[in-house]
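Chemist: These are the residues of each chain, in order.
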Amino acid sequence: MKSTLTAAALAAALAMGATQASAEMSDIKVGMITTLSGGGASLGIDIRDGFMLAVKQAGAGHVDVVIEDDQRKPEIAVQLADKMVQSDKVDLLTGIIWSNLAMAVVPSVTAQGKFYLSPNAGPSALAGKGCNKNYFNVAWQNDNMHEAAGAYANEQGYKNVFIFAPNYPAGQDALTGFKRFYEGELAAEIYTTLGQQDYASEIAQIRASDADGVFFLLPGGMGISFLKQYADSGLDLPLMGAAFSFDQGILQAVGDAAMGVRNTSQWNKDIDNPANKKFVETFQAEYDRLPSLFASQGYDTAMLMISAMKKADVKDADAFRAALEEADFESTRGKFSFDTNHHPIQDIYVREVIKEGDVYTNKLIGTVLTDHSNAYVDECKM
Amino acid sequence: MSLMLLIEQVLNGLQLGVMLFLMASGLTLVFGVMGLINLAHGSLYMVGAFAAAWVAAATGSFLLALAAALAAAAAAGAIVEVVVIRRLYARDHLDQVLATFALILVFSEGTRWIFGSFPLYLNVPDYLAGPVTLPGGIEYPLYRLSLIGVGGLIACALYLLIARTRLGVQIRAGEADREMIAALGVDISKLYTVVFALGAALAGLAGALVGTIQSVQVGMGEPVLILAFVVIVIGGIGSIKGAFVGALLVGLTDTLGAFLLPQLFGAFMDVSSAAAVGSALASMLIYLLMAAVLFLRPRGLFGDTA
Numbered sequence: 001m002k003s004t005l006t007a008a009a010l011a012a013a014l015a016m017g018a019t020q021a022s023a024e025m026s027d028i029k030v031g032m033i034t035t036l037s038g039g040g041a042s043l044g045i046d047i048r049d050g051f052m053l054a055v056k057q058a059g060a061g062h063v064d065v066v067i068e069d070d071q072r073k074p075e076i077a078v079q080l081a082d083k084m085v086q087s088d089k090v091d092l093l094t095g096i097i098w099s100n101l102a103m104a105v106v107p108s109v110t111a112q113g114k115f116y117l118s119p120n121a122g123p124s125a126l127a128g129k130g131c132n133k134n135y136f137n138v139a140w141q142n143d144n145m146h147e148a149a150g151a152y153a154n155e156q157g158y159k160n161v162f163i164f165a166p167n168y169p170a171g172q173d174a175l176t177g178f179k180r181f182y183e184g185e186l187a188a189e190i191y192t193t194l195g196q197q198d199y200a201s202e203i204a205q206i207r208a209s210d211a212d213g214v215f216f217l218l219p220g221g222m223g224i225s226f227l228k229q230y231a232d233s234g235l236d237l238p239l240m241g242a243a244f245s246f247d248q249g250i251l252q253a254v255g256d257a258a259m260g261v262r263n264t265s266q267w268n269k270d271i272d273n274p275a276n277k278k279f280v281e282t283f284q285a286e287y288d289r290l291p292s293l294f295a296s297q298g299y300d301t302a303m304l305m306i307s308a309m310k311k312a313d314v315k316d317a318d319a320f321r322a323a324l325e326e327a328d329f330e331s332t333r334g335k336f337s338f339d340t341n342h343h344p345i346q347d348i349y350v351r352e353v354i355k356e357g358d359v360y361t362n363k364l365i366g367t368v369l370t371d372h373s374n375a376y377v378d379e380c381k382m
Numbered sequence: 001m002s003l004m005l006l007i008e009q010v011l012n013g014l015q016l017g018v019m020l021f022l023m024a025s026g027l028t029l030v031f032g033v034m035g036l037i038n039l040a041h042g043s044l045y046m047v048g049a050f051a052a053a054w055v056a057a058a059t060g061s062f063l064l065a066l067a068a069a070l071a072a073a074a075a076a077g078a079i080v081e082v083v084v085i086r087r088l089y090a091r092d093h094l095d096q097v098l099a100t101f102a103l104i105l106v107f108s109e110g111t112r113w114i115f116g117s118f119p120l121y122l123n124v125p126d127y128l129a130g131p132v133t134l135p136g137g138i139e140y141p142l143y144r145l146s147l148i149g150v151g152g153l154i155a156c157a158l159y160l161l162i163a164r165t166r167l168g169v170q171i172r173a174g175e176a177d178r179e180m181i182a183a184l185g186v187d188i189s190k191l192y193t194v195v196f197a198l199g200a201a202l203a204g205l206a207g208a209l210v211g212t213i214q215s216v217q218v219g220m221g222e223p224v225l226i227l228a229f230v231v232i233v234i235g236g237i238g239s240i241k242g243a244f245v246g247a248l249l250v251g252l253t254d255t256l257g258a259f260l261l262p263q264l265f266g267a268f269m270d271v272s273s274a275a276a277v278g279s280a281l282a283s284m285l286i287y288l289l290m291a292a293v294l295f296l297r298p299r300g301l302f303g304d305t306a
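Protein sequence lines correspond, in order, to chains G and C. Here the first sequence stands for residues 1 to 382, numbered as in UniProt numbering. Here the second sequence stands for residues 1 to 306, numbered as in UniProt numbering.
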């Protein structure tokens with residue numbers, strides 16, 4: 001009898017503790033649409049795992065996440081978004097990797113008054129004329145890392161760079177971004193097919209040009225194919241690119257072919273701040289692999305959302321939006337704030353691919369752009 | 001544009017062509033002999049690549065990896081034929097498409113379940129790595145040159161198999177009249193299993209050879225499958241010779257189109273829009289080729305004229 005009483009008292013005490021904790025934080029229902037199958041699945045899985053790690057650390061019970069796979073297909077993403085808004089009644093959506101999918105989903109869900117936090121895709125159209133007060137990008141505007149690569153090419157004194165990217169919104173943004181900062185000549189500018197696996201033709205053209213450097217954007221499997229074929233071609237021009245082509249998830253599949261490549265990124269696992277240390281350690285403990293750039297973006301997205309939940313209820317859209325705008329959270333990348341078009345102002349670094357023991361990874365080697373925003377701020381009228 | 005660049009691009013086109021032939025030959029045999037549309041052929045390509053990557057990681061030997069690719073894809077093909085495909089021969093093409101599409105999903109998720117979502121590592125062995133200098137001073141990767149050689153050899157071997165051996169006679173007879181050869185005492189269901197496994201093995205080999213220079217990941221087979229279907233439609237369904245000619249045509253058209261068209265448009269447009277228009281048109285080029293062939297020869301280049 002006595003022991004049951006004690007147990008009941010303990011339970012009551014615990015319950016009180018729990019309600020006290022929850023008083024500080026409002027509840028939210030999140031819809032996550034991301035790529036969990038097919039070629040780009042590793043990116044979506046990293047975003048999801050990073051996001052869920054932060055949710056777990058914040059304490060369960062307040063965040064209800066519905067996760068669905070868009071299979072990298074715009075029409076499926078649109079269906080999922082409709083289902084989440086209409087039948088799951090989510091308050092906030094997130095998760096999309098690819099810019100073409102974001103363009104299909106974001107304008108419609110924000111028009112229905114839902115919040116959208118982008119953990120990855122940042123097409124120029126959504127940063128400029130198509131910006132929306134309920135759309136926040138927690139990763140970058142698509143051009144950012146390519147602008148940094150352009151600045152880096154100037155820094156290194158390249159005069160004649162060969163540039164190429166797949167023919168889709170992020171590919172076009174990449175080349176535009178590079179050219180915005182790069183001051184030298186272009187040896188050639190080529191658009192490849194999205195999903196292309198054979199780069200023999202492009203490599204032949206690089207060989208025939210008199211370029212002194214190569215800049216490219218090839219996320220996922222495309223980058224693996226190109227790097228292996230490039231290493232085998234006997235060419236040794238320096239390669240530059242944005243972090244997407246050289247991230248943790250794909251480096252092991254590329255192997256030695258990626259060694260020494262310089263890439264620009266807003267995050268790396270060795271950025272020295274407490275939030276990042278905690279993220280890298282807990283991510284490894286939870287999932288038994290090194291976190292990627294995408295995982296850090298998923299984590300930051302959830303951290304931003306949780307910071308806003310502590311200040312306002314998502315049902316009060318204006319207060320919640322104001323809380324998001326403050327970006328009052330410890331980002332894994334250090335300094336982080338939003339510009340007026342709801343895209344990040346942040347530092348962008350250069351990394352180099354190295355080998356730590358048996359594992360290929362990136363090392364920070366310098367900062368290219370400090371407090372960098374984006375070129376579309378003035379076009380955005382909210 | 002120099003002559004050397006053009007020659008290098010022609011070699012690239014040939015290399016793509018012979019690899020497409022490995023895929024298309026199995027597809028065309030299965031379609032020709034058994035009248036079956038097999039959408040899961042791309043999955044067998046993926047099985048070959050994953051088996052090769054796994055064995056290469058475990059043993060470090062590239063040749064063992066290729067052997068594993070052949071064996072794994074042939075085994076997967078034989079099992080699939082006995083368990084699923086056999087029930088589909090009498091059904092119409094729509095049922096076959098539905099069932100083999102389901103197989104794609106089963107293979108993709110099964111592979112993800114076993115190997116995870118991250119791409120695997122498979123690299124060119126040291127003795128085939130790096131470029132060689134061809135007559136005329138063209139530098140070309142040795143591995144790609146070997147692919148052209150291997151593809152050519154397999155094409156010859158397959159031609160001899162079909163034209164000169166007893167199995168080849170049975171395959172051709174099966175194409176012409178399956179009731180008759182069954183009546184003559186040939187075990188038709190065993191023949192079908194053998195043909196299916198042979199096609200699967202060739203697809204698996206292509207997957208391993210191509211996966212070595214591309215990426216080994218779930219879903220790698222589907223883009224190739226579409227090209228392989230274009231090849232067999234151009235070449236004529238059921239014809240090995242047609243598959244070979246069609247594969248080379250598609251390989252060369254695709255490679256040279258993607259390379260030459262942007263340059264052509266560059267003559268009267270600014271660089272960015274020429275690149276965009278040129279590459280958009282280049283990706284349509286093989287389908288235009290297919291449409292033109294079908295217009296002139298509705299059964300493909302080497303298809304039955306009957």
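Note that these hints are calculated values from the structure, not bench results. This one's a predicted model, so the numbers in the text were calculated from it and none came from an experiment. It is possible that part of the hints are untrue.
In the SDA-like style, the derived pairs of lysine to any residue whose C-alpha atoms are separated by at most 20 Å in a straight line are [said to hold, decoys possible]:
{"no.": "1", "chain 1": "G", "residue 1": "K73", "chain 2": "C", "residue 2": "D95"}
{"no.": "2", "chain 1": "G", "residue 1": "K73", "chain 2": "G", "residue 2": "M52"}
{"no.": "3", "chain 1": "G", "residue 1": "K179", "chain 2": "C", "residue 2": "A102"}
{"no.": "4", "chain 1": "G", "residue 1": "K73", "chain 2": "C", "residue 2": "V10"}
{"no.": "5", "chain 1": "G", "residue 1": "K73", "chain 2": "C", "residue 2": "I226"}
{"no.": "6", "chain 1": "G", "residue 1": "K355", "chain 2": "C", "residue 2": "N123"}
{"no.": "7", "chain 1": "G", "residue 1": "K355", "chain 2": "C", "residue 2": "A57"}
{"no.": "8", "chain 1": "G", "residue 1": "K73", "chain 2": "C", "residue 2": "F101"}
{"no.": "9", "chain 1": "G", "residue 1": "K311", "chain 2": "G", "residue 2": "K73"}
{"no.": "10", "chain 1": "G", "residue 1": "K355", "chain 2": "C", "residue 2": "S273"}
{"no.": "11", "chain 1": "G", "residue 1": "K179", "chain 2": "C", "residue 2": "A57"}
{"no.": "12", "chain 1": "G", "residue 1": "K363", "chain 2": "G", "residue 2": "G255"}
{"no.": "13", "chain 1": "G", "residue 1": "K179", "chain 2": "C", "residue 2": "A274"}
{"no.": "14", "chain 1": "G", "residue 1": "K179", "chain 2": "C", "residue 2": "N123"}
{"no.": "15", "chain 1": "G", "residue 1": "K311", "chain 2": "G", "residue 2": "F338"}
{"no.": "16", "chain 1": "G", "residue 1": "K83", "chain 2": "G", "residue 2": "G59"}
{"no.": "17", "chain 1": "G", "residue 1": "K179", "chain 2": "C", "residue 2": "G168"}
{"no.": "18", "chain 1": "G", "residue 1": "K73", "chain 2": "C", "residue 2": "A57"}
{"no.": "19", "chain 1": "G", "residue 1": "K133", "chain 2": "G", "residue 2": "K179"}
{"no.": "20", "chain 1": "G", "residue 1": "K73", "chain 2": "C", "residue 2": "P223"}
{"no.": "21", "chain 1": "G", "residue 1": "K73", "chain 2": "C", "residue 2": "S273"}
{"no.": "22", "chain 1": "G", "residue 1": "K179", "chain 2": "C", "residue 2": "F118"}
{"no.": "23", "chain 1": "G", "residue 1": "K355", "chain 2": "C", "residue 2": "I104"}
{"no.": "24", "chain 1": "G", "residue 1": "K83", "chain 2": "G", "residue 2": "M103"}
{"no.": "25", "chain 1": "G", "residue 1": "K73", "chain 2": "C", "residue 2": "M269"}
Partner residues are not named here, just some residues of chain C that face chain G (Cβ under 7 Å, in silico) [to be verified]:
{"no.": "26", "residue": "N12"}
{"no.": "27", "residue": "A90"}
{"no.": "28", "residue": "S117"}
{"no.": "29", "residue": "Y121"}
{"no.": "30", "residue": "P135"}
{"no.": "31", "residue": "G137"}
{"no.": "32", "residue": "E179"}
{"no.": "33", "residue": "Q214"}
{"no.": "34", "residue": "F259"}
{"no.": "35", "residue": "S283"}
{"no.": "36", "residue": "I286"}
For glycine and all other residues, C-beta sits at the position ideal for the given N, C-alpha and C.
Chemist: State for each hint whether it applies.
Modeler: Results for each hint:
no. : hint              : in the structure
1   : K73(G) / D95(C)   : 25 Å, violated
2   : K73(G) / M52(G)   : 23 Å, violated
3   : K179(G) / A102(C) : 45 Å, violated
4   : K73(G) / V10(C)   : 34 Å, violated
5   : K73(G) / I226(C)  : 17 Å, holds
6   : K355(G) / N123(C) : 17 Å, holds
7   : K355(G) / A57(C)  : 18 Å, holds
8   : K73(G) / F101(C)  : 17 Å, holds
9   : K311(G) / K73(G)  : 36 Å, violated
10  : K355(G) / S273(C) : 40 Å, violated
11  : K179(G) / A57(C)  : 41 Å, violated
12  : K363(G) / G255(G) : 16 Å, holds
13  : K179(G) / A274(C) : 17 Å, holds
14  : K179(G) / N123(C) : 34 Å, violated
15  : K311(G) / F338(G) : 17 Å, holds
16  : K83(G) / G59(G)   : 27 Å, violated
17  : K179(G) / G168(C) : 59 Å, violated
18  : K73(G) / A57(C)   : 33 Å, violated
19  : K133(G) / K179(G) : 29 Å, violated
20  : K73(G) / P223(C)  : 15 Å, holds
21  : K73(G) / S273(C)  : 26 Å, violated
22  : K179(G) / F118(C) : 32 Å, violated
23  : K355(G) / I104(C) : 36 Å, violated
24  : K83(G) / M103(G)  : 17 Å, holds
25  : K73(G) / M269(C)  : 32 Å, violated
26  : N12               : 4 Å, holds
27  : A90               : 33 Å, violated
28  : S117              : 4 Å, holds
29  : Y121              : 5 Å, holds
30  : P135              : 17 Å, violated
31  : G137              : 12 Å, violated
32  : E179              : 42 Å, violated
33  : Q214              : 4 Å, holds
34  : F259              : 5 Å, holds
35  : S283              : 5 Å, holds
36  : I286              : 12 Å, violated
Hint violations for this structure: numbers 1, 2, 3, 4, 9, 10, 11, 14, 16, 17, 18, 19, 21, 22, 23, 25, 27, 30, 31, 32, 36, all remaining hints satisfied.
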